[in-house]
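Participant: When the letters of the sequence shown are read in order and numbered with full-length UniProt numbering, they come out as residues 1 to 411.
Bear in mind the hints are in silico, worked out from the structure with no lab data behind them. Incorrect hints may have been included.
Just the calculated beta-carbon pair ranges, DEER-fashion [said to hold, decoys possible]:
#: 1; residue 1: 92; residue 2: 162; range: 28 to 38 Å
#: 2; residue 1: 121; residue 2: 216; range: 47 to 57 Å
#: 3; residue 1: 37; residue 2: 162; range: 43 to 53 Å
#: 4; residue 1: 54; residue 2: 216; range: 36 to 46 Å
#: 5; residue 1: 388; residue 2: 1; range: 12 to 22 Å
#: 6; residue 1: 214; residue 2: 389; range: 22 to 32 Å
#: 7; residue 1: 129; residue 2: 91; range: 15 to 25 Å
#: 8; residue 1: 92; residue 2: 327; range: 44 to 54 Å
Since this is a predicted model, take the numbers as computed values, not measurements. Built from N, CA and C at the ideal position, the CB exists for glycine as well.
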Amino acid sequence: MEIVNETGLRLMVQGDHVRRPDISAVCILKGTFALVPGGACTPLPEAAQRPFCGTEPHLDDLGRTPRWLSDLAPCKPHTDFLVNGHFHAPGGVPVPHGRAAAHLGPMHKELLFFGERCWLIGDVISETVPTARVPLRWELAFGGLRDPRNPWGRGLAPEPDGIVRLPQIEDPAAPVQRRADRPEPANFAGMPEQFAERRARAGTRDHRWALFEAPFPPKDYDPSFHNTAPRGQRAGNHPRGDEGLRLVNLHPTVPDLATWLPGLRPRVALVRETGEAEEIAMPLDTVVALPDEDQLVLLWRGNAPARARHLPDVALVVATMERLSEEPAPTEAVTAAAAARWRAMQPADNAAETEAAIAAALGEARKLLEKVALPDEVRAVVESATDPQLVFDALVRHAQDELKRLGAPGF
């Protein structure tokens, strides 16, 4: 398989490791952009584009929550909006508590941040130690080993030094006031897959599943398992890619940073070994702001349907980029350009031999099926299709329908 990437961003095509029976390949485009206060985010040079990576944990004294969640999900039904970094007190002056907010288009979320504090006797809270910044870490949100919502959190049990520390990150609508309070853990960062909210969407992975269904997901699997954003940071509809982004008290030097997504439209076409091309929709499904590094990371993701069940069926992937401010090229033009590029890559003799072999195979199939009773719609595919896979798929569907009609076991 050949990959032509003309976007200036990172492109990955996954095939053999996609554990979904309805997907034959996943195309992921990852872009790293500079945060530009007062303007649209701009792409970094190719050499500075962040590579693809899986989940990477923090390795420090605070804990092991992910510092980056995997880029490699096969799909995301919703768009995740995440912020990695810190709460920053305005001007870098330590404060006992403060607020920070993150906005993306119509999404808006605000959180409370505190310095270190702990429980004293009963429901008495200690004085708060002023702080200039608070990491956006789940170790500092409410939770604890006995809380499946956030087993890394604090506020429920004494730590090794015997102190019960209160969370430093809270939802303004549900601040901790009594020891009996059990607020929802709050953060701007993505949720690890160990959290109860995500585990509930993973499906039933029991012994029966391991024996009869794995490696495919369980029947009660919810694809939104791959969405990692906490509540208030998931978009039901994928954004266009030119929405406004605002970060309040989340940048080390710009207390109120307003910018815009870069306004890009990726176009990805697959060319199969038969020479037929199709465009893959690439919705923007992940937005990660990294204000401490003045960066924004965007991921677009698209799925090739399982008509071809093995990646070798995909001969060429072509990725290009358009600006949202421009009229989009017709799908026919995108696929025609990809198919033409594939033909240009074929040795002339081989291309002619391949086309002749396909035509001969289709001719033989039509002769064999001349006297077979077929529904009109199946006959139409047999007589007109130029791709043997389409003929095969139509015949398989017809055979399955006949077996079902006859009451065959399993149908």
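Participant: Hint by hint, where does the structure go against what was stated? Just the numbers, ascending.
Facilitator: 4
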